[in-house]
Amino acid sequence: MGKDLRDFLEKLKELEPVIEIDREVRPASFEVTGILRKLEERALFPLVVFKNPLNLKNEPSPFYVISNVFATRERCALALDLPSDKANFDLSLRYAQRTKNFLKPIIVKKEDAPVKEVVVKGEDLDLRNYPIVRHHEMDPAPYIDMVVCFRDRSGSFYNTSFQRNMYKGPKKLGLFMATRHNWEICRTYEIHGEAAPVIIIIGHHPAFYLGSLNIQPYGVDDYGIIGGVMDEPLSLVASETWGEDFLVPAEAEVVIEGEVVPRIREAEAPFGEWPGYYGPQRLSHVIEVKAVTHRKEAFWQDVFVSHRENWVLGGIPKEGEIFEAVKAYVPTVKSVHFPFSGNCRLFCYISLDKQEDGDARQAALIALSTCDFIKYVIVVDGDVNPFNEGEVLWAVATRCQPQEDIDVIKWVKSSPLDPSLPGHSEGSKMIIDATMPKRRAFAKRTMVPEEVLKKIRLEDYIDEKLLPRLPKYFDSLRSL
Amino acid sequence: MAAIAWVTCPHCKGEFYCKIDDFEDSNHPLFCPYCNKNFLYKESVRIKK
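Residue numbers (this note's numbering), protein chains in the order written: chain H, 1 to 480; chain G, 1 to 49.
Do not take every clue at face value.
[Stated by the list, open to error] Among chain H residues calculated to face chain G with C-beta under 7 Å, some are: (1) P17; (2) I21; (3) K86; (4) I264; (5) P419.
[Said to hold, decoys possible] So the derived list for chain G, only partly shown, Cβ under 8 Å to chain H, looks like this: (6) I4; (7) D22; (8) K49.
[Stated by the list, open to error] Straight-line Cα separation of at most 27 Å, DSSO-like style, residue types lysine-lysine; simulated pairs: (9) H:K455 x H:K444; (10) G:K48 x H:K57; (11) H:K171 x G:K37; (12) G:K48 x G:K37.
Bear in mind the hints are in silico, worked out from the structure with no lab data behind them. Just so you know, even glycine gets a beta-carbon here, dropped at the ideal spot from N, CA and C.
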């Protein structure tokens, strides 16, 4: 048996409380996201299992809704077999290392595939039987917001990506895709007038989902990359609809099989997206659902889109892969971070031990060319911790002269979900070089001598009982 | 983000926004997220670009 969500939950329960809510909830009436939001208001981000959700017919559902799986870096670290004290850049590096470890998937028989415990198709198929979550006030319907997978028309690779699916009818979903890999695969089918086979994977080990967010070139088989990130070959099984021509993850909780109908577009959205705004209603693709297979008492996984879980999930893969890309040309790069303030997508902080002034812009340009989500790159020296935003802004304030150190690149492809874009997906990018210049003498950062700090124990000077009672002020320069 | 327009549903007066290019000159109906009824862009009670 391969890694799955259930293994992960057992491991997690040894480390932190998993919240299990027995009370009945109506996911399609915002009750799941309402509870997650109330927790968020208290700065609480536990993994939550809703054990008695209603389906879209307001009937009890035999599924468990699970959310907030990715809301902390510590849980993502556990997913990649790291302890919680390695949840910052060590985690990003682990991710990048594992994406290089391509593992060919293995194919299992149907009877060995947990996702085939229940097979629903034909007359029995009705999406209203599932506890699909409606997230935000202006969303027009419940949405599935997990991983969508296509196989390219030549059959040479699978591509996975998080994409949103709007409930549109008992056998019908909407599908929004930005113009990236899945969109391109779908386009190749469409120009031949053919329906594109597609699956939606709802519930799997979190390393599966982190792996699906890799930013490898078009044409690389994501199932192999995901295996690398999971550190074991991904188990696959023949689909119900296309047999061995389209393999689906055997250890998933739920798989929806369907076809994207060619040359049909329908109204979809508004939908609350990762920037914290609703994306506008638009014409999007339509999926005709053919089959649903799932485990008994399956976990119906959902990402609390537009909130912390959505952001953490987006940032980690980019940090590791951009670090590797920059390191190829600027080997003194130390760390890369996508902070919450940019929804773990729009701001990219890079630290490096600069050898020459050109290093900073070179690193920034590589980051921008590796990931089109990034809008601002701030490059800092190696003494500044990119995971401490206060330090990064201090470096901008004190080491950057805007007329010399800020560049704007206009009319570049950007995320279409950025609400500030003036056009469809063309925006501008900013590079902020907040490193100390090499070309001229520069001031030195204040430091109490390190040898003195090593000798001093506060308890030798201040009453030990008094110390914990002193008010704490975490100012912007303090590493938390 | 694409250029958007706030539209108002003629059935329930609910307001939401859409991508102008997709609906302004097309026969594709909008879908009101509040009352789940369809209407054409030009039927919107108000259009704020």
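Hints, one by one, checked against the model:
| no. | hint | in the structure |
| --- | --- | --- |
| 1 | P17 | 36 Å, violated |
| 2 | I21 | 27 Å, violated |
| 3 | K86 | 37 Å, violated |
| 4 | I264 | 10 Å, violated |
| 5 | P419 | 5 Å, holds |
| 6 | I4 | 4 Å, holds |
| 7 | D22 | 4 Å, holds |
| 8 | K49 | 12 Å, violated |
| 9 | H:K455 x H:K444 | 23 Å, holds |
| 10 | G:K48 x H:K57 | 36 Å, violated |
| 11 | H:K171 x G:K37 | 19 Å, holds |
| 12 | G:K48 x G:K37 | 20 Å, holds |
In summary, the structure is inconsistent with hints 1, 2, 3, 4, 8 and 10 from the numbered list given earlier, while agreeing with the others.
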